[in-house]
Structures are given as C-alpha cells and as structure tokens.
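Student: Following the hints, position chain B against chain A.
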Amino acid sequence: MFQILTERFRQGYRTASYPAGPAPARPSRFQGLPILDQAKCSSGCQKCIESCPTDAIQKQNNHLQMDLGKCLFCTECVQACPEGSIEFTDEYRLSTRSRTDLVIGERELKLAAALDEKARRLFGRSLKLRQVSAGGCNACEADVNVLNTVVFDLSRFGIQFVASPRHADGLLITGPVTENMRIALLKTYEAVPEPKLVIAVGACAISGGPYFGHPEAHNGADAVVPVDLYIPGCPPSPWTILDGLLRLLGRPVDTSSVLNSATGANPELSVEFNP
Amino acid sequence: MSKLMEQLPRLQNGQAVPLQAVPVLDMREFRETIVDRPIGSTRLVAMFGHELDSGRMRIYAILADHAASMVIPFATDLLNGDSYPSLTPDCPQAHNFEREIAEQCGIVPFGHPWFKPLRYHHSYRPGHDAWSRSVSDSILPAVTDYFRVEGSEVHEVAVGPVHAGVIEPGSFRFQCHGEHVFHLEIQLGYQHRGVERALIGGPNKRTIHYVETLAGDTTIGHATAYCQAVEGLTGAIPSPRANSIRSIALELERLACHTGDLGALADDVGYLPTANYCGRLRGDFLNATGAISGNRFGRNLIRPSGVSFDIDSALSETLVGRLKPALRDVAGAAQLLWNSLSVQSRFEETGKLSQEAVEGLGIVGVAQRATGIARDVRQDFPSGIYRTMKIPVATWPSGDVFARAFVRSMEIERSGQFVIDQLQSLHSGPTQVESGPLAAESLVVSLVEGWRGAICHVGITNRESRFARYKIVDPSFHNWIGLAMSLRDQQISDFPLCNKSFNLSYCGNDL
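Going down the list, the sequences are from chains A and B. For the record, in the first sequence the residue sitting at position 105 is 105 according to the numbering used here, with numbers rising by one throughout. For the record, in the second sequence the residue sitting at position 23 is 23 according to the numbering used here, with numbers rising by one throughout.
Next up, chain A with everything else stripped away, as it sits in the complex (with noise of 0.2 Å):
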C-alpha cells in the first residue's frame, strides 16, 4: 500500500489544462492543416497532383484546391513543388460538419458548427459514443482510444464509450468500410436509438484513404450512413479529434484564430463559434 501511493505521488497530476490552459503543446514536426499558397503555384505544373497517393489535390480555375478529407497528411506534394506553395502548419483544429467543407484552395477550413440548440440539450453534457472500427489500422482506434488516458480525459466532458449501441446516442466510425463490416455496420447503426449522431475519424472513414477505390471497401462512412462530422487525418492528432468532439457539442474549445489556409499569412479569419 505505500508503494502504492509513493508511486502515485511520483507519477504526478497529468491531466492537460486544455481547453482553459494554452493550446496542447504539438511537435515542431507536426502536420496540421496546410497552406495552400495560389501566388506562388505557377500554372503548367501538375507535380503535386502527381504525387499526391489519394489524389486530394487538384486545379480548379487555376486554383490549388486540397480534399483534406483525402489527404494523409504524408506531405510528398510539399517535396514535389518546386515552388514551395503548399506548406503544412502546427494547426490542429481541421473538423467540420460537411464533407465539401474539407475542400480547401478557394476557400478556407470551415470548421465545424455546433448542433443545433435542441440536439445540444441533448447531447451537449452527455453524449455517448459506440465505436465501430470498420477496416481501420488500428491507428485512428488507438488515438480515439487514448482521449480515455488521463492526461486527455475525456469523460471530463461528459463524453463516454459505451460497450453496447443500445447504449449509445451515436457512432464513432473508423475504417474505409469494408465489404465484410457493411452489414454489421449498418445493423449497428439500426440498433442505436433515434435521434443519433455519426463522427467519422480518420481519412479512410471520410473517403477510404490510401484504401479509395479498392473494391473491397466503400470509400467511407458516408457511403453506408449519413455523417454529422468529420475528424480528417492519418490518423488525426487526439487533440484534433477532442477538438471536433467539442466544437459539435458546442463546448468551449480552444479559439484562437485558425490560420488562413489561403494565404498563410492572415490571422484575422475568426472561428464562428457557438458557446
């Protein structure tokens, strides 16, 4: 027993302050949203294009535009520009409510809206997730999975994982879908009672990831279920998808200005953002 609260006492109070506290501490490496820079792109080149492995990029009206629901984040297009017009930044905030909304290039991230006011009472202090991992890694799980740790945790904000559908007031969905998850998938869906919600996580879930295409999987979770929000990346940073969780419920989160995805350089886009 005192071994037992000696060691408490070491291992110390680990829980991060965030969202009161500073933003979570990211490393200098990071790859978080990323900047599309139209000025410096010049018109024949195709390199990023070619380079990108889930083909999220591509040029519309001789704009650069980035499917960031597509993306994994792997940054080869950022090496193959000889222009340097595509830089990825520190931000960590890329959830949003529609999958149109990840299209970056001509416009910016719109990051996600909260539910409306009668879902958020609700769902605003309580919401309880079922996970389905649907042809996932194991990657987006264990990075969902960690919100649980003390350092993130997640029941703080009511937010729970609960062992059955029955249980659950939504999905949190992983994977491309395979074939072979459709029907347990759906069926799960069915079992969750009405009104619900579908968090999609992770690039695969969005749009099948490096997995698009494959006649094995369904491009993701909005082919079988209809999706309230997407957590884009391979996989997404945990503080990234706390921060969508949060934002959908309308929670505080972090609010300091996203950075402009269009050109880099204004901080003076402000997140919309119901309290």
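Source of the hints: derived by calculation from the structure; they are not laboratory data. Among these hints, one or two may not hold up.
Claimed, not checked - Now the stretches of chain A that chain B is said to cover, found in silico as 3 or more residues with beta-carbon under 8 Å:
| hint | region |
| --- | --- |
| 1 | 70-82 |
| 2 | 209-217 |
| 3 | 231-245 |
Quick reminder that beta carbons are idealized off the backbone N, C-alpha and C, glycines included.
Tutor: Below, chain B without anything else, positioned relative to chain A:
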C-alpha cells in the same frame, strides 16, 4: 535435417536472389523439406501461391533457419489441377497458409483438417474457387461451419464482430460447459481491404501507404520490412545513421505498445494505478516518435534507401531528457503489478500456452518468448544496426499471462536502454542514399522483429521490375491460433485478459 534442405540455396535476411535460382522441387520433395525440417530451429515463415505467366500455379515456401541465420526459399508447381495433399496434418504451422492459398488462388489442399475461408473474399483467379462458389455469389464474413462441442448442458457463446471496446472487429465463438471453455474458434476477415491484391504491379505512390496502414500500430515494423525488401532488390545500402534512426523508431514502437499492453492487462484485472500510469506513459513514447516524424505512429518516417527525418543533437537531447523519466515511471508502474498479490493471482497460471504448442503452431514474438524460447529476429537474423548493437533476448518459461506480461516488461527495459544508447551515439551519414531500379525477376525475403513478433515480407518482381507478388505475414497471422489454444480449459471471464496478453492485429491478419 533432410539432406535436401541442406542442399537448397540459402539467403540472408533482406538478400535478393534471381527467381531462376529458387529451386522448384517436385511435390514430394517440397513436402518433405517442410515436414522434416529441424523443428527446434526452423520455422515456416511464409507460404503462398503465385500464378505463372503460363497460367500454371506455383507454391512458394520460405523456411527460416534461426540457428544458421539464413532463410531458405523454394517452390513447387501444381501439375495436376487445382489441388495438392495438405501439409497441415504433418506440419500444423501451415494451417493458415493453406487456407489463404485456397482462398486467394482457388487451390484445394485436400486432407486439411479444418478447411474453411480465412478472410471471406473472392479468389484472385476468377473461375477458380476452392469452395466452388461462382463469381456472382456473395460471400458473407464468418458464415461457415464452426467447430462444435455437443452434449448435455454444453452451450455456445458468440461474441462480435463489433466488440464492447474501442477495438477492431472479429468473431469469437466459445464452446462451453458452464463457464468452462472447451474451445474458442476465431473467425476474422472483417477488416479485409485487399492490401496484397493492391500491391501487385507496384511499387507506386500508394505502396508505402498500404504498408504503413496494413497494421497501423506497426507502421514502423512493416515499413522497415518493406524498405529492407526494396533495398535488397535495388542494392541500396542505407547509411548507419538511417539504420540507427530506423532502430530507434522500431524500439519506440515496441516501448509504446508494450507499455500500453501492461496498462491494458492491469485494467482487465481491475488494478487501476498501473492501468492509468501506463495509459499516459504509452503516449509519452508515441509523442517521442511524433517528435521525430511529426506523427505519433511514425508515418512518413521510414522510406526506401533511408529515412525522411533526421535526429539532430538538440532533438536527441530532448528525447533522452523525456525518455529517461518515462522509462523510470514505466518501471515503477510495472513493479506495482509484480508486488500486488491480487494481480499475480489473476496473471499466474491463466491462459497457459505450452512450448510444444508454440513450436507446433509456429507462434512468434512475446507469446513464444514467454514459453522460454529465445527466438528473436533482431538476434537471429540481424539487419541494419542490430548487426552490431545487440539487445539481449528476454524470455520467461511459464507460458501464462504473467510470462507474457513479464517478458514485455523486460523488453521495455532493454529497448529503453537501447534507444537511449542510440540517441547518445548516433552514427553519421546521410539520411537518404541514391538508389536504382528494382532487380527484375527476383525474389527477396525480409524479416523484422516487430513489437508483436516476426514480420515477414516476400517480394517477387516481374520482367518490368514490378511486383508480381508481394506477400505480407504479420505476426498475428501465426498467433491468433495461440490465443485460441490458451483459452482451452479456462473460464470465459479469462478471455479479455488472455486476449490482451496477446494483443493481436485484426487488420494485419485480414490485410
């Protein structure tokens, strides 16, 4: 050892050989070479089907001779249609390989004692199906015959595919009498994404991403195995510095996962101090990897011919400064487990696996070393920095949950020391070296000791230097049957604990 095996050409880990030099034996010789191998030192590490340009089917087998540090590739051609006599009755390690060959290639190993699909998908050779299903038939996962125990008061408990935690899907059926488990049958395939099919024709821009996500918690292990295979084919030799960084990343992956596993084991017996400490500490190791590559799982770090990120002296100092207290804290958290009688009474004698079962079934990694067998790719087939820097192999003889936990804890200590030594004396050299095209019509075998155990990749190139076949064997492929065996004569309530003590990959098995 059979005379024949002695005469077969042998390769080092990561060494490529022209396909012509791979002996094609007749079926009897092929069989004898595998069945009569010296069981104590030689394992069947891969076996797979490959369709030749002529349409004829060839079966490749790779034996790994741990005593001689050599791998032995050989093959046989099927001359009489799509079937051959099953090896499994005489060599149980072949059981899943033969099911896989049947499913992928439509070849029937007749006489296989439990012949059923592995991943539930259509054959890669349309018109050839081992279960006579047509191309238009839908294939439902885990819809198959199950092993059944019958008798009064015998009952079946089915779990999955969606489980109660944040965990991948799989189907588990227990044959029970009350709480007593006679047998557990595990059916996977839900995570099948078509990885091996998609790797054919590569390397291309998606290849490394398939490799990094085929079992995402083993990103470094599989990426290193892949790069080692590619380097065997191109002849590129990564610099000592790149090899150092690869080994640091591989050991950090082991540290993170083993620490997480100790925490999960503590959680499953309701011992919360260690569960909570290890949950946090696992993150410290993942964050160390994150500091190197920007990604907690080491995505984008390991690349053919080297690594994409350097560790400069400032970063190495920061990492050492963070790792030392983390390692001390893990040791403290683990010590609580060994000193707690209530934990020990749950760990000891639970989920026992015998050395005989491990040898027979070809179990690898921690589960194998936890029966006292000192086998480790880093020691037996060293590549990269492990050729000169040795990590002592950790073993424990009891074969139970305690042994699997204790071996992990010893490996944490040894890998931790290794990482700190490496960081403090990083070799010099460029992170990347020049590289040429892949050798055409060649075969390469690449082994890496991932945190779960031996990873094996086999690459075969065609005339155009593209992959005609790229075979991946995740350690879980061998070990799922070990979990099933460990549950025999246990209580159903021991399942979570036994499962955590193996902590196997679903997606790495399903590919």
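Student: If you check each hint against the structure, which ones fail?
Tutor: Violated hints: none at all, because every hint is consistent with the structure.
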